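Since the structure of chain A is provided, determine the placement of chain B on it from the hints.
For reference, the chains in residue letters:
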Amino acid sequence: MITVKNLTGGYAGGEVLKGISFEVCEGELFGILGPNGSGKTTLLKMISGALNFREGSIDVEGRPLTQYSPKQLARMMAVLPQHGEQAFPYSVKETVSLGRYAHQKGWFNSWHDEDEQIVQKVMEQTGITRLQDKSIVELSGGEKQRVFLAQALAQQPRILLLDEPTNHLDLSFQKELLDLLKKWAAEEELTVVSIFHDLNLASLYCDRLLLMENGEVLIVDTPAEVLKEERIKKVYKTQIKNHPHPEIAKPQLLLVPEADGGHDADFKIDARFLDVGQDRIVLQSPMNLRTMSSGITGAGIGWHSSFVHRVVPMEYDCSDHKAEMAEYLQENGFLPSETVGMMTAVPAETASYQLFEDGDLSIFIIVSAGNTHRDRPRNINTWLFINGKISEEAFIQSAMTAAEAKISVLNELEGSGAGSAGQSAGISTDSICIAAIQQGESIAYAGTATPLGKLISEGIYTCTKEAILKYRSSKAAFKH
Amino acid sequence: MQKPFIRTFLNNKGLAYIISTAFLIISMLLGISIGTVSIPVPAIIEIIGAEIFRFQGQGIDSMHESIVMDIRLPRVLLAGLVGASLAIAGAAFQGLLRNPLADPYTLGISSGASIGAVITLFFGISLPLVGAFTLPVLSILFAFATVLFVLFFARRVDRLLRVETIILTGIILSSFLGSFISLMIALSGEELRQIIGWLLGSVSMRGWEYIKIIFPFFIIGLVILLANTRELNAMSFGEERAQHLGVNVERRKLLILLSGSLLTGSAVAVSGTIGFVGLVIPHLTRTVWGPDHRHLLPLSVLIGSGFLILADLVSRTIIAPSELPIGVITALIGAPIFALILMRNRKERSAGQ
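Heads up: the sequence lines are chains A and B, in that order.
Here the first sequence is numbered in full-length UniProt numbering, starting from 1 and rising by one per residue.
Here the second sequence is numbered in full-length UniProt numbering, starting from 1 and rising by one per residue.
In case anyone wonders, no lab produced these hints; they're calculated from the structure.
Since this is a predicted model, take the numbers as computed values, not measurements.
Cβ atoms here follow ideal geometry from the backbone N, Cα and C, with glycine treated the same way.
Any given hint could turn out to be false.
Partial list, computed: chain A residues near chain B (C-beta under 8 Å) [as the list claims (entries may be wrong)]: (1) Ser48; (2) Pro70; (3) Lys71; (4) Leu73; (5) Ala74; (6) Ala78; (7) Val79; (8) Pro81; (9) Gln86; (10) Phe88; (11) Pro89; (12) Tyr90; (13) Ser91; (14) Leu98; (15) Gly99; (16) Tyr101.
Listed below are the simulated DSS-like cross-link pairs for lysine-lysine, each with C-alpha atoms no more than 25 Å apart in a straight line [what the hints assert, rightly or not]: (17) Lys71(A) - Lys253(B); (18) Lys454(A) - Lys465(A); (19) Lys250(A) - Lys182(A); (20) Lys45(A) - Lys253(B); (21) Lys134(A) - Lys13(B); (22) Lys13(B) - Lys93(A); (23) Lys182(A) - Lys121(A).
This is chain A alone, in the form it adopts within the complex (with noise of 0.2 Å):
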């Protein structure tokens, strides 16, 4: 559809870009990315047509951009500029009926249905219809844009340039207009460039992007493959972490800011911030951890600063023990949003904690463990706090290694002790929260061969050998 070879020029003041070559096929949404000053702006100036260049080509449908008139031109291409420019209070219709003039024919040009009904049309696709006699000075960013889109979809063009088209928008029109694009160019055959500064919006909508610095094309290809973590802050020369998106397989983008350097270098979680009472066990950082866990508040992985393992009676039963949970978090002054919890109904003394340490290293752990009845399942709950920097393999690495330090303690106290070996390990309800304070020497792995992953290996096996044993005295006691 387009094809540029070559391309060079700028403007007077000097070169801009320096030998560009690219093709952008029918039916694409193609978006160009780079720096303030790459020259992405000047690149999609050149192929409009408003920017001469001074060497390579630029072919539209096989034919050289300048055998084009200027209304061939705006049929075969439609522009939304930046900043639309009003110094006159047109309406918006006489705004997007402007679309119309390429089609027109003649000196005192006509206007016919077709042209109505397009312009209709249009202003029905972009949601403008109720504005239309309203005047565009009236209008805020958002719709001023969504007026300029229709004046551009009125020309019905082939191909759709845009600079920067979020720009204005606020976030539910920012989708709605890249959906809409995206299912134009599915449907009517839309080719669609687009500078985008948004590298995350870009990574979502575009099926290939340009990567541009200093002039120059440094790659095109797919989403996943420009928006590489090290390229971009080459590019951008900043710091950014590149996240996989939760619902699609598309690459994002995420910064990270200058660290605050507000925080004590040596702070450590250990049994100082633990509060073991009658009915929780309660551990209140002073700062967010980064944590993954598998409790009824705060699943998943994300950043706590409260962890609360609440006791609940053995009859305890609730259709919707999420939303109970987070009541009870509540009353009891937690942010559901900054909380780790979870439930268990093992009374909280008999509860196991321990500092371990090795060299630089250390780590927190809590075991609440009960073995309960022969026909209720077992449930161990485990928080291991490390007071490191982790990398997300290691979380993972972590809770194997914690699982199996576990099963080796069931293993050893069920093998040797109750004679029903293995039956109790039927239904389990256990939970794990790994938190980790991410500051200090960076920790790539925590397997059961690293020095992390012994410590964990041995941590998790002490407590929650203390815990189990704790737990059946206790039962013990209670039944005398």
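Frame of chain A, contents of chain B only:
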């Protein structure tokens, strides 16, 4: 801004044309009727009808007939043509430059045209081939040269060709050319009266000759501008936008500037410098009937001509038997309106940010 219902009511374009045509006709009738000798409206219609259809009307007062046909009708027609030329040129410049403050006067085009005319009078130049048309031709050439110079200079100063720069350049050039005119006046001997009288701006005692001078230029400029109204609409969104909409910007811009200068130059040639018509009339028309140039231009023609006929009527009756220069009247009405436009523009801008 008007109240919404007034806007809808006036937005009816058919009505707009009826109102402005009626305004023009009434102005013409008033202009012909009122004077030291008052002529009743039926008599005017009868006299003009008799002239057009070549029939011998009964009971037509021959003195009335000569007053109407030789003095007042040409004067009213000339005022109308000048008003129409200045108003449509102003409307076109405002659209092209995207600024309601642009007009032939602020852009220095009137001064350029004046220089041309003053040079013709001062040196008594008569060009071969054009003969009697020397003055308008030179005025138009100077007007066009001025526009080109203003645009060229403004582009050198500011690559983006911001409208503020253009207007500032126009005003500076205007004063510069003004001093040249003063110089020529100071050096002039017997041409002095002629030059001064001409500079003050007047449509009196010009006769049919002057109408013959301005009419062809008026028609050419009018037709070209009316054929470019949709391009003007597109260009008032910025030249780049217009190009994306399919307008051949370079050619159209040149055409519009050329015909605007043509109209201004010929108007200045026959009537001297009459300010503010090109500024105020398009602005008022736009405020009432909207900015769509397809209607703005023809409506400005109708309102502009009616307005200048009335201004001329006031100028010759207000201190009768003496006459005020018509430029004085238009400036007295125009300057306060100019100030109002400026204030409202500022307010809109600060409200918009």
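Status of each hint after checking the structure:
For the restraint placing serine 48(A) at the interface with chain B, the shortest Cβ-Cβ distance is roughly 6 Å, inside the 8 Å limit, so the hint holds. Checking proline 70(A) against chain B: minimum C-beta separation of about 5 Å stays under 8 Å; hint holds. Below 8 Å, beta-carbon pairs count as interface contacts, and lysine 71(A) has one with chain B at about 4 Å; its hint therefore holds. Because the beta carbon of leucine 73(A) sits about 7 Å from the nearest beta carbon in chain B, less than 8 Å, this interface hint is met.
Given hint, alanine 74(A) at the interface with chain B, holds; its Cβ is 3 Å from that chain's nearest Cβ, closer than 8 Å. For alanine 78(A), the suggested interface contact is upheld, since its CB lies about 7 Å from the closest CB of chain B, less than 8 Å. Taking 8 Å as the C-beta contact cut-off toward chain B, the hint placing valine 79(A) at the interface holds, the least distance being around 4 Å. With 8 Å as the threshold, the beta carbon of proline 81(A) comes within range of chain B, its nearest partner Cβ sitting at about 6 Å, so the hint holds.
Restraint check, glutamine 86(A) versus chain B: the minimum CB separation of about 7 Å is within 8 Å; hint holds. Because the beta carbon of phenylalanine 88(A) sits about 4 Å from the nearest beta carbon in chain B, less than 8 Å, this interface hint is met. With a cut of 8 Å, the hint placing proline 89(A) at the interface with chain B holds, because the nearest CB-to-CB distance is about 6 Å. Restraint check, tyrosine 90(A) versus chain B: the minimum CB separation of about 5 Å is within 8 Å; hint holds.
For serine 91(A), the interface hint holds, since its Cβ comes within 8 Å of a Cβ in chain B; the closest pair sits about 7 Å apart. With 8 Å as the threshold, the beta carbon of leucine 98(A) comes within range of chain B, its nearest partner Cβ sitting at about 6 Å, so the hint holds. Using the Cβ-Cβ criterion of 8 Å, the hint placing glycine 99(A) at the interface with chain B is satisfied: the shortest such distance is roughly 7 Å. Checking tyrosine 101(A) against chain B by beta carbon gives a least distance of about 5 Å; that is within 8 Å, so the hint holds.
Of the supplied pair hints, the one linking lysine 71(A) and lysine 253(B) holds, its CA atoms being roughly 16 Å apart against a limit of 25 Å. Between lysine 454(A) and lysine 465(A) the CA atoms are separated by roughly 17 Å; this keeps the pair inside 25 Å, and the hint holds. Simply put, lysine 250(A) and lysine 182(A) have alpha-carbon atoms about 15 Å apart, close enough for the 25 Å limit, and the pair holds. For the suggested pair lysine 45(A) and lysine 253(B), the alpha carbons sit about 20 Å apart, so the restraint of at most 25 Å is met.
For the given pair, lysine 134(A) sits about 17 Å from lysine 13(B) by alpha-carbon distance, which is consistent with the 25 Å threshold. At most 25 Å may separate the alpha-carbon atoms for a hinted pair to count; lysine 13(B) and lysine 93(A) meet this at roughly 15 Å. A distance of roughly 18 Å separates the Cα atoms of lysine 182(A) and lysine 121(A); the hinted pair therefore holds under the 25 Å criterion.
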